[in-house]
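Spelled out from the first residue to the last, the chains are:
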Amino acid sequence: MAEDLLVVDDVKKHFPVTRGIIFQKQVGAVKAVDGVSFSVKSGETLGIVGESGCGKSTLARCIMRLFDITDGTIVFDGRDITKLSRTNMRPIRREMMMIFQDPYASLNPRKRVGQIVGEALEVNKVGTASETKRRVQELLEVVGLNPEHYNRFPHEFSGGQRQRIGVARALAINPKLIVCDEPVSALDVSVQAQILNLLEDLQQDFGLTYIFIAHDLNVVRHISDRVLVMYLGKVVELAPKLELYEQPKHPYTGALLSAVPIADPERGRARQPIVLEGDVPSPLNPPSACNFHPRCPRFQAGHCDVVDPPLYPFGDGHIAACHYPLERWPLAADEFRKPAAGHPPAEPTPVS
Amino acid sequence: MALLEVNDLKTYFQTDDGIVKAVDGVSFSVEKGKTLGIVGESGSGKSVTCLTIMGLNDRKNTITSGEALFNGENLLTAGSRRLREIRGNDMAMIFQDPMTSLNPVHSIGTQLIEAVQLHRDVSKKGARARAVELLKAVGIPRAERRADDYPHQFSGGMRQRVMIAMALVNDPDLLIADEPTTALDVTTQAQIMLLLTNLQEEFGSAIIVITHDLGVVAESADDVLVMYAAEVAEQAPVEKLFRRPFHPYTWGLLGSLPRLDTDLERLVQIPGQPPSLLRPPNGCRFHPRCPYVMDKCKQIDPPLVPISDDPAHLQACHLDETTKDREAAKLLETTMAQAI
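Just so you know, the sequences run in chain order A and B. Heads up: the first sequence begins at 14 in the working numbering, then just goes up one per residue. Heads up: the second sequence begins at -16 in the working numbering, then just goes up one per residue.
None of the hints are false.
30 angstroms max Cα-Cα, derived DSSO-like pairs, lysine-lysine:
#1 Lys307/B to Lys281/B
#2 Lys119/B to Lys351/A
#3 Lys313/B to Lys254/A
None of these hints come from the bench; they were simulated from the model.
From just these sequences and the hints, can you work out the full model?
Structure representation (structure tokens):
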């Protein structure tokens, strides 16, 4: 078994909401990430899915230490990086990189490709100018771009090519962990496939570890080894890929899976989507106890809105935070709404 | 007679760099109560086709030819006054981005009332009643009160519902939805697609859905048009397109799709980028990216013709049918292992 490269323990990120101009008074907090724990093994890909506003991107930025977290600990490669100062953080930054969503906004339009990709090398004082140039050209080739394009500007490239530049930049100083925040959601399907294949090849060649954030469940299934589902800043389910897609336990995961259109007319039309009512509630004022309860088709009054469900284990590293987990999958709509009697477990055995 | 019949539609834009052939000879028809899906990558001409039909292109720099017969009337030669009468009344459009297609300084109610009063001789009170009725029809809770809210007070999914309500104001015969769910989360997407299907059943309108999501097309369309570089690559009833795809570009699209229900070893990728429409390649426009390219493809642009045993299934490719049947079967085997 490979070692844990990253351990995230009970991480919280609350953004204060203040009132007043001179005498600022905190009147509340947006609980963007609210007690998230997971670990990532060396060489694996952890997918993170959830609707917009569920805290996926905030979590990514917390891991990268781009935000200071409110509470919890982050251990990277055996070192607690939660409270490291900027100077102490610097050598660790070389080992974790990020690929951003929007290839149009994440590249400086006034810099040449060579400068963009080589910046990390320069900042970390790796090699001389000519070595840097050679390394950059090598990287461009690795990601499938023409090394001759070293002196071009980002606007001369298409969306897919720009995302390749983003990948080359992330690879520049041989990181161990790459956090990909929606790396393909702005791309067309054919280009999306090129980038996904590239990421897989690079993982094999360089033994990379990925945290892959996306809202497209198809993409996440394709690339991940394990998948974490978030809702309103909390983990609702975490499981190995096949477990999650074939035996989801949390009703939210079930609803997400059933909502994805299938690119096959016959099966697509036979699918019975469980349509969730309403929108994701505001993280400023989240619902009591299980924060999915106002939208949950299996909601049981007096339980779900009173007792916050812990993450119950379902074997094989599969955990889900629900008092009334799905019995099997797929479930017909009426079965989905009526949890079988006998649940929940009489003696809850939450994961410590 | 079809509700909308488009014949050899061409839309060219004059730019400083030359003429961009954004739509180059597209033909299709839509029957009442049916849904046509148009798929293709960005820049393939899907949206421009629909904007041209609606007469929403800037007339100054646009050269249009061909015809678009709506109930027998050619929209391309209709005057702007007549077009204004038709738009919003007999046909309506739902735009992609609900965040930017609503006016932020007017309340939702005001914007809906305007749409009603433009086409109907009703009092403001009557128009408001109609607006509230529509907001209810698209599933906005407390419609009476929410009509006085401004766009920023609605979430993305709710705004898209408002857009749909606005398009439905005068019970249009034809509804054009340009990427109606692209900006939305899956759960919201499911709500909106369900809403569109229910409304179609209720009002019997024809719908054109423009999308790049093959899942949405598979589930909602009756016929599908696959566009590549301003031309139609393949056109077929939806089951045919997914069961017996006949164009290498369609294979590329289907193969590059990650699937929720099947584990693919590796995605098929279409190499390269879509071509520039300023200087499209000679011959078949897909040939620089096509794995089956032959000499002929580089010189002669393949016409859109029916396949020999199925007149409803059109495709534009020089490859022989035996090879295509074999390749299509191979593709389906890998991508839909569980289904067959």
